[in-house]
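The primary structure of each chain is shown beneath.
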Amino acid sequence: MYKGQSGMWSWLFHRVSGLAILLFLLIHIVDISMLGFGPVVYNNSIVLFDQWIVRLLSLALIAAILFHAFNGIRIILIDFWPKAVKYQKVLFAIAMVVTIALFIPAAYFVMGPVLSWFINVPTTASVGH
Amino acid sequence: MSRISTGFGPRPAGGGFETFSWYFFRISGVVLIFLVIIHLIVMHVTTDVRCTTYMFVSMRYSNPFWRLFDWLLLTLALTHGMNGLRLVIDDYVRSASARIWLQSAIGVLLLVFFMLGTITLVTFQPVPAAQQGVQCVAPPTK
Chain A
604 MYKGQSGMWS WLFHRVSGLA ILLFLLIHIV DISMLGFGPV VYNNSIVLFD
654 QWIVRLLSLA LIAAILFHAF NGIRIILIDF WPKAVKYQKV LFAIAMVVTI
704 ALFIPAAYFV MGPVLSWFIN VPTTASVGH
Chain B
560 MSRISTGFGP RPAGGGFETF SWYFFRISGV VLIFLVIIHL IVMHVTTDVR
610 CTTYMFVSMR YSNPFWRLFD WLLLTLALTH GMNGLRLVID DYVRSASARI
660 WLQSAIGVLL LVFFMLGTIT LVTFQPVPAA QQGVQCVAPP TK
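So the protein lines, in turn, are chains A and B.
Under this note's numbering, residues 604 to 732 are what the first sequence spells out, in order.
Under this note's numbering, residues 560 to 701 are what the second sequence spells out, in order.
Worth flagging that the hints you see were computed from the coordinates, not collected in a lab.
Covered, in the sense of this in silico footprint (three residues per stretch, anywhere, with C-beta under 8 Å from a C-beta of chain A), are these stretches of chain B:
no. : region
1   : 576-590
2   : 608-614
3   : 630-643
4   : 670-681
If you want the ones that stay clear, here's a sample from chain A, every Cβ over 12 Å from chain B, calculated:
no. : residue
5   : Lys686
6   : Tyr690
7   : Ala696
8   : Ile697
Where a beta carbon is used, it is the ideal one built from N, C-alpha and C, also for glycine.
Looking at chain A on its own, in the form it has when it is part of the complex (with noise of 0.2 Å):
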């Protein structure tokens, strides 16, 4: 492990991303095998995933894979591009750029349902006066 600089913050986040996403798909294999139990055990097990909790832990998730996608091309782009090495600070800056700015859209889509007395907040119209 290198000390200090944007390589150790991407190899220790890359690490700890891929295993939060494994456990998850563990956990989603699980559920999901929920399907040979028929539509009643399953409607019911999905139930779970509409709770704000779990859809607020979806969207860690998501930035997880975010995270862990682009940072992953960057990586490929380190092995197999060797001038890349040169850009590589500027290159996590772009993963990071990209994942934040795909996590925005993702956070909306994901957490919109539960939200929506927030984002259709009543106007003054709308009650009439």
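Here the structure of chain A is known, so what remains is to put chain B in place on it, guided by the hints.
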């Protein structure tokens, strides 16, 4: 040259499993980016999770393309992730016997979850519309 690939760093030479592993991470990673982003769009954007019911799965799985898509996603994500876990254990577990135990456990875990996922995918049977239940488990917002 170290015996064990870290999964990072220079391209390994000389063949063998670690070289395969190094290339496998990169190739499966690129494919997974596309599969996962499409999966997220289907489950969170074009349909919200509260509408990913048995009825929705029946509709998707009437097309064999989506079964194949999901099976590819299952297989690549599980092998990519478990191979990652294998490298993490190689990095942190010093005792040789503990390493062999843990790596065997990873092999068993990989097999069990791969079988569970594959069986779920292959044996899924659409039921008659009347028995499918609700279209969404809560009122959709769009």
